[in-house]
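Engineer: In order, the protein sequence lines correspond to chains U and P.
Per the working numbering, the very first residue in the first sequence carries number 1; after that it's consecutive.
Per the working numbering, the very first residue in the second sequence carries number 1; after that it's consecutive.
Bear in mind the hints are in silico, worked out from the structure with no lab data behind them.
Certain hints may be false.
[Said to hold, decoys possible] List of simulated lysine-lysine pairs, BS3-like, C-alpha gap at most 30 Å:
| hint | chain 1 | residue 1 | chain 2 | residue 2 |
| --- | --- | --- | --- | --- |
| 1 | P | K3 | U | K54 |
| 2 | U | K52 | P | K70 |
| 3 | U | K69 | U | K3 |
| 4 | U | K54 | U | K69 |
| 5 | P | K70 | P | K18 |
| 6 | P | K57 | P | K70 |
| 7 | P | K53 | P | K13 |
| 8 | U | K3 | P | K57 |
| 9 | P | K3 | P | K70 |
| 10 | P | K55 | P | K18 |
| 11 | U | K52 | U | K69 |
| 12 | U | K69 | P | K71 |
| 13 | P | K71 | P | K13 |
| 14 | U | K3 | U | K52 |
| 15 | P | K18 | U | K3 |
| 16 | P | K57 | P | K18 |
| 17 | P | K13 | P | K57 |
| 18 | U | K3 | P | K13 |
[Stated by the list, open to error] Anything over 12 Å on all C-beta distances counts as not near chain P; from chain U, calculated:
| hint | residue |
| --- | --- |
| 19 | R45 |
| 20 | A66 |
| 21 | S79 |
| 22 | L89 |
Predicted model only: the values in this text are computed from it and were never measured.
Using N, Cα and C, we set each Cβ at its ideal position, and we do this for glycine too.
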Amino acid sequence: LAKTTQPISMDSYEGQEVNITCSHNNIATNDYITWYQQFPSQGPRFIIQGYKTKVTNEVASLFIPADRKSSTLSLPRVSLSDTAVYYCLVGDGPNNNAGNMLTFGGGTRLMVKP
Amino acid sequence: DVKVTQSSRYLVKRTGEKVFLECVQDMDHENMFWYRQDPGLGLRLIYFSYDVKMKEKGDIPEGYSVSREKKERFSLILESASTNQTSMYLCGSGGANYGYTFGSGTRLTVV
Chain U
1 LAKTTQPISM DSYEGQEVNI TCSHNNIATN DYITWYQQFP SQGPRFIIQG
51 YKTKVTNEVA SLFIPADRKS STLSLPRVSL SDTAVYYCLV GDGPNNNAGN
101 MLTFGGGTRL MVKP
Chain P
1 DVKVTQSSRY LVKRTGEKVF LECVQDMDHE NMFWYRQDPG LGLRLIYFSY
51 DVKMKEKGDI PEGYSVSREK KERFSLILES ASTNQTSMYL CGSGGANYGY
101 TFGSGTRLTV V
């Protein structure tokens with residue numbers, strides 16, 4: 001089980017770029033890295049997933065270095081509505097016990113200020 | 001978009017009652033799971049299922065059971081509700097390599 005470590009909290013201002021880094025030193029060869037966003041009283045929402053290098057979608061970018069021992073979620077030009085908790089998860093692979101993938105760490109509480 | 005629907009948004013039950021929390025997904029996913037989320041404790045996995053009639057215990061299965069008779073439906077059962085089971089319950093489905101989708105949650109209060 002690949003454990004993840006993230007900062008507990010971060011503050012930012014509207015319009016800034018926010019980068020949240022996650023450490024996963026024990027990541028396995030077939031693990032994917034997935035990020036989720038959670039607002040109060042809602043379930044976590046899938047943001048982005050990657051295996052290596054860089055992945056970009058309409059919401060965020062995910063940067064993964066060659067050794068894959070960390071990853072960085074990048075949110076461009078945040079707004080007040082991006083205030084949420086962000087979780088980094090590392091998967092065990094498609095054919096393994098699915099439960100091993102589903103361990104959430106404490107997440108990073110992002111506060112966007114006006 | 002994958003949709004995961006939890007049957008109730010808010011529930012209030014009495015101590016000792018048998019409680020059923022229902023979850024339905026519409027994307028033919030093999031994997032389904034239940035978490036509970038409490039302030040300061042984060043999300044903790046209760047049970048998950050990787051196929052019909054298959055189930056595996058998560059980190060905190062005590063006091064809970066599950067049922068998966070059909071692929072799209074995964075039920076969480078509190079055999080005899082207790083006040084320490086007051087929590088937000090989150091159901092979801094998906095897979096390790098294409099992400100998981102969660103429902104909106106059921107906030108259960110046991111009085």
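Engineer: None of the hints should be skipped; say for each whether it holds.
Structural biologist: Comparing the hints with the structure gives:
With a C-alpha separation of about 28 Å, the suggested pairing of K3 (chain P) with K54 (chain U) holds against the 30 Å cut-off. Distance hint between K52 (chain U) and K70 (chain P) is unfulfilled; the C-alpha atoms sit about 36 Å from each other, more than 30 Å. Only pairs whose Cα atoms come within 30 Å are accepted, and K69 (chain U) paired with K3 (chain U) is accepted, the gap being roughly 11 Å. A hinted pair counts as satisfied when its Cα atoms are at most 30 Å apart, and K54 (chain U) with K69 (chain U) qualifies at roughly 14 Å.
For a cut-off of 30 Å, the pair hint linking K70 (chain P) to K18 (chain P) stands: about 21 Å separates their Cα positions. Restraint check for K57 (chain P) and K70 (chain P): the C-alpha separation of about 19 Å stays at or below 30 Å, so the hint holds. Only pairs whose Cα atoms come within 30 Å are accepted, and K53 (chain P) paired with K13 (chain P) is accepted, the gap being roughly 27 Å. At most 30 Å may separate the alpha-carbon atoms for a hinted pair to count; K3 (chain U) and K57 (chain P) meet this at roughly 19 Å.
With a C-alpha separation of about 16 Å, the suggested pairing of K3 (chain P) with K70 (chain P) holds against the 30 Å cut-off. Simply put, K55 (chain P) and K18 (chain P) have alpha-carbon atoms about 20 Å apart, close enough for the 30 Å limit, and the pair holds. Pair hint K52 (chain U) plus K69 (chain U) holds up; C-alpha atoms about 10 Å apart against a cutoff of 30 Å. With a C-alpha separation of about 35 Å, the suggested pair K69 (chain U) and K71 (chain P) falls outside the 30 Å cut-off, and the hint is violated.
Note on K71 (chain P) and K13 (chain P): the hinted pairing holds, with a Cα-Cα distance of about 28 Å set against a maximum of 30 Å. Under the criterion of a C-alpha separation no larger than 30 Å, the hint pairing K3 (chain U) with K52 (chain U) is consistent with the structure, at around 18 Å. Of the supplied pair hints, the one linking K18 (chain P) and K3 (chain U) is violated, its CA atoms being roughly 35 Å apart against a limit of 30 Å. The hinted pair formed by K57 (chain P) and K18 (chain P) meets the criterion: a straight-line CA distance of about 20 Å does not exceed 30 Å.
Distance check on the hinted pair: K13 (chain P) and K57 (chain P) sit about 24 Å apart at the alpha-carbon level, within 30 Å; holds. Restraint check: the Cα-Cα separation between K3 (chain U) and K13 (chain P) comes to about 36 Å, which exceeds 30 Å; the hinted pair is violated. Listed as outside the interface, R45 (chain U) is inconsistent with that label: its C-beta sits roughly 7 Å from the nearest C-beta of chain P, within the 12 Å cut-off. With a closest Cβ-Cβ approach of about 20 Å to chain P, A66 (chain U) is found to remain outside the 12 Å limit, as its non-interface label requires.
Against the 12 Å criterion, S79 (chain U) stays outside the reach of chain P, whose nearest CB is about 22 Å from its own CB. Distance check for L89 (chain U) against chain P: the nearest CB is about 8 Å away, which does not clear 12 Å, and the non-interface claim fails.
The structure shown violates the earlier hints numbered 2, 12, 15, 18, 19 and 22.
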